[in-house]
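Visitor: So you can see what is in the structure, the chains are spelled out below.
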Amino acid sequence: MKATIKENRELVPRYFTMTLSEMGDDFRGEPGQFVMIRGDWGSDPLLARPLSICRFLHEDGQIRIVYRVMGRGTRRLSEMKAGQTVDINGPLGNPFPRPDESRRVLLTAGAIGAPPLIALAGSMAVSPLLIIGGRTRNDVVFISDEIRELDIETIYVTEDGSYGQKGTAVTELARHVGGNDLVYACGPNRMLAEIARLSEEIGFEAHVSFEERMACGIGVCLGCAVRHANGTYVHVCKDGPVFNVTDIDWDRL
Amino acid sequence: MKATIKENRELVPRYFTMTLSEMGDDFRGEPGQFVMIRGDWGSDPLLARPLSICRFLHEDGQIRIVYRVMGRGTRRLSEMKAGQTVDINGPLGNPFPRPDESRRVLLTAGAIGAPPLIALAGSMAVSPLLIIGGRTRNDVVFISDEIRELDIETIYVTEDGSYGQKGTAVTELARHVGGNDLVYACGPNRMLAEIARLSEEIGFEAHVSFEERMACGIGVCLGCAVRHANGTYVHVCKDGPVFNVTDIDWDRL
Amino acid sequence: MKPDLSVEMFGLTFKNPVMGASGTVGYGIELAPYIDLGRIGAVVTKGISIEPRQGNAPPRLFETASGLLNSIGVQNIGAARFIAEVLPRLEKYDTRIIVNIYGESIQEYRQAAECFCGVEGVDALEVNLSCPNVDKGGLAFGTDPTLVQTVVREVKEASGKPIIAKLTPNVTDISPLARAARDGGADAVSLINTLMGMAVDIRSRGPFFGKVKAGLSGPAIKPVALRLVWEAARELDIPVIGVGGIMTGEDAVEFIMAGAGAVQVGTANFVDPAAMNAVVGGIETFMEENRIERLADIRGVIK
Amino acid sequence: MKPDLSVEMFGLTFKNPVMGASGTVGYGIELAPYIDLGRIGAVVTKGISIEPRQGNAPPRLFETASGLLNSIGVQNIGAARFIAEVLPRLEKYDTRIIVNIYGESIQEYRQAAECFCGVEGVDALEVNLSCPNVDKGGLAFGTDPTLVQTVVREVKEASGKPIIAKLTPNVTDISPLARAARDGGADAVSLINTLMGMAVDIRSRGPFFGKVKAGLSGPAIKPVALRLVWEAARELDIPVIGVGGIMTGEDAVEFIMAGAGAVQVGTANFVDPAAMNAVVGGIETFMEENRIERLADIRGVIK
Ligand SMILES: Cc1cc2nc3c(=O)[nH]c(=O)nc-3n(C[C@H](O)[C@H](O)[C@H](O)COP(=O)(O)OP(=O)(O)OC[C@H]3O[C@@H](n4cnc5c(N)ncnc54)[C@H](O)[C@@H]3O)c2cc1C
Ligand SMILES: Cc1cc2nc3c(=O)[nH]c(=O)nc-3n(C[C@H](O)[C@H](O)[C@H](O)COP(=O)(O)OP(=O)(O)OC[C@H]3O[C@@H](n4cnc5c(N)ncnc54)[C@H](O)[C@@H]3O)c2cc1C
Ligand SMILES: Cc1cc2nc3c(=O)[nH]c(=O)nc-3n(C[C@H](O)[C@H](O)[C@H](O)COP(=O)(O)O)c2cc1C
Ligand SMILES: Cc1cc2nc3c(=O)[nH]c(=O)nc-3n(C[C@H](O)[C@H](O)[C@H](O)COP(=O)(O)O)c2cc1C
Ligand code: FES
Ligand code: FES
Chain A
1 MKATIKENRE
11 LVPRYFTMTL
21 SEMGDDFRGE
31 PGQFVMIRGD
41 WGSDPLLARP
51 LSICRFLHED
61 GQIRIVYRVM
71 GRGTRRLSEM
81 KAGQTVDING
91 PLGNPFPRPD
101 ESRRVLLTAG
111 AIGAPPLIAL
121 AGSMAVSPLL
131 IIGGRTRNDV
141 VFISDEIREL
151 DIETIYVTED
161 GSYGQKGTAV
171 TELARHVGGN
181 DLVYACGPNR
191 MLAEIARLSE
201 EIGFEAHVSF
211 EERMACGIGV
221 CLGCAVRHAN
231 GTYVHVCKDG
241 PVFNVTDIDW
251 DRL
Chain R
1 MKATIKENRE
11 LVPRYFTMTL
21 SEMGDDFRGE
31 PGQFVMIRGD
41 WGSDPLLARP
51 LSICRFLHED
61 GQIRIVYRVM
71 GRGTRRLSEM
81 KAGQTVDING
91 PLGNPFPRPD
101 ESRRVLLTAG
111 AIGAPPLIAL
121 AGSMAVSPLL
131 IIGGRTRNDV
141 VFISDEIREL
151 DIETIYVTED
161 GSYGQKGTAV
171 TELARHVGGN
181 DLVYACGPNR
191 MLAEIARLSE
201 EIGFEAHVSF
211 EERMACGIGV
221 CLGCAVRHAN
231 GTYVHVCKDG
241 PVFNVTDIDW
251 DRL
Chain E
1 MKPDLSVEMF
11 GLTFKNPVMG
21 ASGTVGYGIE
31 LAPYIDLGRI
41 GAVVTKGISI
51 EPRQGNAPPR
61 LFETASGLLN
71 SIGVQNIGAA
81 RFIAEVLPRL
91 EKYDTRIIVN
101 IYGESIQEYR
111 QAAECFCGVE
121 GVDALEVNLS
131 CPNVDKGGLA
141 FGTDPTLVQT
151 VVREVKEASG
161 KPIIAKLTPN
171 VTDISPLARA
181 ARDGGADAVS
191 LINTLMGMAV
201 DIRSRGPFFG
211 KVKAGLSGPA
221 IKPVALRLVW
231 EAARELDIPV
241 IGVGGIMTGE
251 DAVEFIMAGA
261 GAVQVGTANF
271 VDPAAMNAVV
281 GGIETFMEEN
291 RIERLADIRG
301 VIK
Chain X
1 MKPDLSVEMF
11 GLTFKNPVMG
21 ASGTVGYGIE
31 LAPYIDLGRI
41 GAVVTKGISI
51 EPRQGNAPPR
61 LFETASGLLN
71 SIGVQNIGAA
81 RFIAEVLPRL
91 EKYDTRIIVN
101 IYGESIQEYR
111 QAAECFCGVE
121 GVDALEVNLS
131 CPNVDKGGLA
141 FGTDPTLVQT
151 VVREVKEASG
161 KPIIAKLTPN
171 VTDISPLARA
181 ARDGGADAVS
191 LINTLMGMAV
201 DIRSRGPFFG
211 KVKAGLSGPA
221 IKPVALRLVW
231 EAARELDIPV
241 IGVGGIMTGE
251 DAVEFIMAGA
261 GAVQVGTANF
271 VDPAAMNAVV
281 GGIETFMEEN
291 RIERLADIRG
301 VIK
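Protein chains in written order, with my numbering: chain A, 1 to 253; chain R, 1 to 253; chain E, 1 to 303; chain X, 1 to 303.
Because the hints were derived from the structure by calculation, they are not lab data. Ideal Cβ positions, reconstructed from N, Cα and C, are used throughout, including at glycine. Some clues are possibly wrong.
Each computed DMTMM-like pair below joins lysine to aspartate or glutamate, with the alpha-carbon atoms no more than 20 angstroms apart [to be verified]:
1) X:K303 x E:D201
2) X:K136 x E:E235
3) R:K2 x X:D272
Residues from chain R that keep clear of chain X, each with C-beta distances beyond 12 angstroms, as calculated [unchecked claim]:
4) P13
5) S43
6) R64
7) M80
8) S123
9) N138
10) L182
11) R190
12) R197
13) E205
14) R213
15) L253
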């Protein structure tokens, strides 16, 4: 599917927001789902890149993604201009299970893990508590506009204390979470593994959005394997990217 | 060498003009020379592309190139925006021999062959006669701005008669050229071969700028070979791109 | 007049020469939401072994310049489950079904092939000869002419199906191997499987993949694939199916001119799940524009 | 502290492990306007034969996805003119000079090597073993262990110089060939030469190159080159020089971790004539950032 770039803008150094229009009327999707995205740029890089949907701007038939420049693909994306088109495949993957809003919901983001959680917060009637952690200021404030727009209650945490609390998202989560809470998280796998441990300790239910390199995004290459707690491989693009923390074999990542 | 794109603009469909600044003070060059140019776009396409210098805007330390979108490389170039940088190697190759302006000078361009001839005309005290031919209107008018700016006496020729005379650059040249004239030409090799034949017939001196695929542009790959009339191979990037028509073995192109 | 894209091979008619390459279309059905399976010549399934296989530990993918390294390790649900659970759904589509089989000994190949003996709906078997021969220290079967001939003969006997021998490109000379496949009774050969490559993780100072080596596919390998298809096609009188880096209809035409009877599209399916539609359309357009009525008019024009 | 990039091989010290690959730096001097030749480890000349050679008819180049096909055909001015006209100019630069030699029979290799016997300024010979063996129907010397061993022994004897055997990647198994080179007395092996590929011109419906097949180089082949370097390095106790698709210092580090004693930069010189400077600088930066004092600390860390 072709989509047109409506806006592509640097938020803070390395972090970009891209709004895509003309997604087609049948483009639905739910928080936690992602798209495979690629510009029309020859065969290097070859593969599309998975990026979470951060906002569904349904009224306008648009979506927004927020991304950090990591390597070749995201850099190329960052160079694209409004008016150019990209190839989009999506929405893909399983969304976050709808939160039972009678429980307290805590969202925990590690830096660029925030986008799918923003989508989730945007779909909820009551604002959840979002904890966003990162190394330094830019790794947490890049998403502030969305947070303000959706009026999400947020705790900012940075490792160097340059913004918000000093610490990590997980230490902050540990301070707030209770056994009956519902936790959603996205961030580096290391962080997710800590949340899994915490969840076992404290007993809260946690759903995490997992990252793994992808080639196809649709379950045909079998490349995005991750070991399930039951010993088999599951595939992040098709069986995930959202998993219950109890589904993953965290010791063998 | 890095150069900054000052302007990159479509002239008529598929034909673009690009002005490059910050070429460095030591960037000199003469009509007929070219640059190898490449954007910062991963490894597909891999090689830089040879493009003739169309204008030396010495006052501003700038050069201008004019190009037609043919394939991957030129398309990629055409997508670049002012402010972005490109890698430039040049000026490369041998320039046109300085015209003896006591003789009548005729420049013959086949469509996108015009740029180096524009550079040549711009360096002359007396305007030469430029014959520019192409299939249809856009293939000749793309360069009109430069022609007007430099006030070059020009005959436009199109095969379909949509602009200027109906015919080809070579038939038009044949109508005007005399044995004592000096001809400079650039265009498809087929056209250059016709000029070589005409030159033999009528006896005029002709220098042509030759096109061959290039990898390095500096004589290290030996890829741009063309057969010299003496039976050896010469290399377009180093021994050319400008050759006297008598230097080339036109029968074995 | 619409050009005729149909292809006859081993007594079967294929709508067009475009097939989904093994390992890149899942079991075939996964692409149904993206393309009309009825518009492609055939699907070739992921490699199927007698018993289910888990595949290799992640990471399994590494992107290279215009290419992809994979170390999937033939993860599959095994022949029995494929026949019981997948085949009935796949058969509903109007396309040919080719099952790619995998084994690590002659015995395993034979048994895998036997599973499909008499199984309706399976039009042919493609034998992956790049599998490591565990009896011989892991060198691929496809590197030894005697083994190639034996494996092909055994699977043909055991299955009673047309056999496509999928050759490995990691050899000094493809000719004796192509001949061996034919002599073993292959009805066609397909090539190329992935080139053997490797990636290094300079941060961890180790190999990127657990198994160190991995298979390279994608546009990067197309020139090598074309050369091998050309060499094999000159050698053989049975059809050669060209695979390797095909992204567009023009790429497919190149393989056909080099001698391919049909083509398979692999990595391109990852880049764009509708790639095979585009390849079929591209071949059609090329034929129309160049007034080519049937593929035989351009097949193998490069001598 | 500045990291130490120097490399010892066959009794010579190289300033750093970065060399210009044969056929991509001309005779070396051509790059002098672009890089400080004194900052690279060595230049390897274009393949030189006894007599001058014209090379192949154009076209000679075809760009592929992240790669380049070439069919130059070892155009060169011959050993005598090289020694008389080029070497004196090249010797002025403070870098090692390695002459790549070319032959189509054992006799020709021997004679080409003899030309450099006692020629000062030539530090070593690199024997291109991808040359077609005209006595054996054109298959490359480098595909036959016996021939590899013989050629290496002959050129070593004839030249009295250190010999680098440049192996071809177009083989089933590099190990016996690497061993054959060593057994013939090679002081090092370099690999890979180009992969054999091909291009089709669908407009003219013919092969793009007059000789149909051509050699593939560039980033596209890097994964294959890394794999072969790793395989050869595990097999040998003499240095392995890694070549194939190196564009950056990090690429070079990958080869060194895979076991390369030194590296050569080829096609990258076309893309950017200052590429070798960047590669040397990139290795240095990597070593600094990772506190690696000498290359031996990372060489061959991948077992
Ligand atoms: C389901 C899913 C959703 C995602 N959502 C977002 C999002 O909303 N915003 C965002 O910025 N990123 C997101 N990512 C991560 C994003 O896909 C990668 O950062 C991107 O693919 C990197 O591509 P690149 O070409 O820029 O980097 P590359 O050149 O491919 O790699 C650069 C570096 O990043 C590392 N890397 C590459 N891919 C991954 C990966 N999948 N996981 C972890 N490390 C990787 C590499 O090891 C390398 O060190 C998501 C990933 C997945 C799987
Ligand atoms: C010395 C020199 C000066 C040149 N000056 C100019 C100039 O001022 N303006 C301009 O527009 N072009 C000029 N060219 C031609 C230009 O270099 C090519 O059009 C360009 O390299 C094509 O690159 P691409 O990636 O767009 O096309 P590709 O994808 O590489 O090829 C597209 C098509 O163009 C053909 N093609 C590619 N390269 C060449 C070539 N060198 N000669 C002939 N056909 C080719 C191919 O066969 C193919 O059909 C010059 C070439 C040379 C050698
Ligand atoms: C992820 C992946 C998995 C593959 N699995 C198989 C397989 O199971 N059996 C097989 O014969 N080939 C397998 N292949 C090889 C492809 O079928 C094909 O031969 C190769 O990728 C070259 O084609 P391409 O460049 O179009 O991808 C696989 C390739 C990829 C990329
Ligand atoms: C245009 C060209 C000419 C070459 N000529 C030779 C040669 O004469 N002798 C040789 O041994 N290798 C030759 N090579 C091979 C290179 O030295 C190198 O092994 C190969 O290109 C892979 O490295 P790369 O990917 O960095 O280019 C040539 C390569 C190219 C691209
Ligand atoms: S990315 Fe291909 S199966 Fe998940
Ligand atoms: S382009 Fe390399 S020698 Fe001319």
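Visitor: Next, verify each hint and record whether it holds.
Guide: A quick look at each hint next to the structure:
Restraint check: the Cα-Cα separation between K303 of chain X and D201 of chain E comes to about 13 angstroms, which is no more than 20 angstroms; the hinted pair holds. At most 20 angstroms may separate the alpha-carbon atoms for a hinted pair to count; K136 of chain X and E235 of chain E meet this at roughly 19 angstroms. As the CA atoms of K2 of chain R and D272 of chain X are separated by approximately 11 angstroms, the hinted pair is consistent with the 20 angstroms bound. P13 of chain R, annotated as away from the interface, keeps every beta carbon of chain X farther than 12 angstroms; the closest lies near 22 angstroms.
At roughly 4 angstroms from the closest C-beta of chain X, the C-beta of S43 of chain R falls inside 12 angstroms, breaking its exclusion from the interface. With 12 angstroms as the threshold on Cβ separation, the claim that R64 of chain R sits away from chain X holds: the shortest Cβ distance comes to roughly 23 angstroms. For M80 of chain R, the requirement that its beta carbon stay farther than 12 angstroms from each beta carbon of chain X is met, with the minimum near 17 angstroms. With a least CB separation of 24 angstroms from chain X, S123 of chain R remains clear of the 12 angstroms interface cut-off, as annotated.
Consistency note on N138 of chain R: stated as away from chain X, and its beta-carbon is indeed over 12 angstroms from all of that chain's, at 23 angstroms minimum. Residue-level check passed: L182 of chain R sits 28 angstroms from the nearest beta carbon of chain X, beyond 12 angstroms. The Cβ of R190 of chain R lies farther than 12 angstroms from every Cβ of chain X, with a closest approach of about 14 angstroms, so its non-interface assignment holds. For R197 of chain R, the condition that its CB be more than 12 angstroms from all CB atoms of chain X holds, with the nearest at approximately 21 angstroms.
The non-interface label for E205 of chain R is consistent with chain X: the shortest C-beta to C-beta separation is roughly 26 angstroms, beyond 12 angstroms. Taking the minimum C-beta to C-beta distance to chain X, about 5 angstroms, the non-interface status of R213 of chain R is violated against the 12 angstroms cut. Against the 12 angstroms criterion, L253 of chain R falls within the reach of chain X, whose nearest CB is about 8 angstroms from its own CB.
Hint compliance for this structure: hints 5, 14, 15 are broken, all remaining hints hold.
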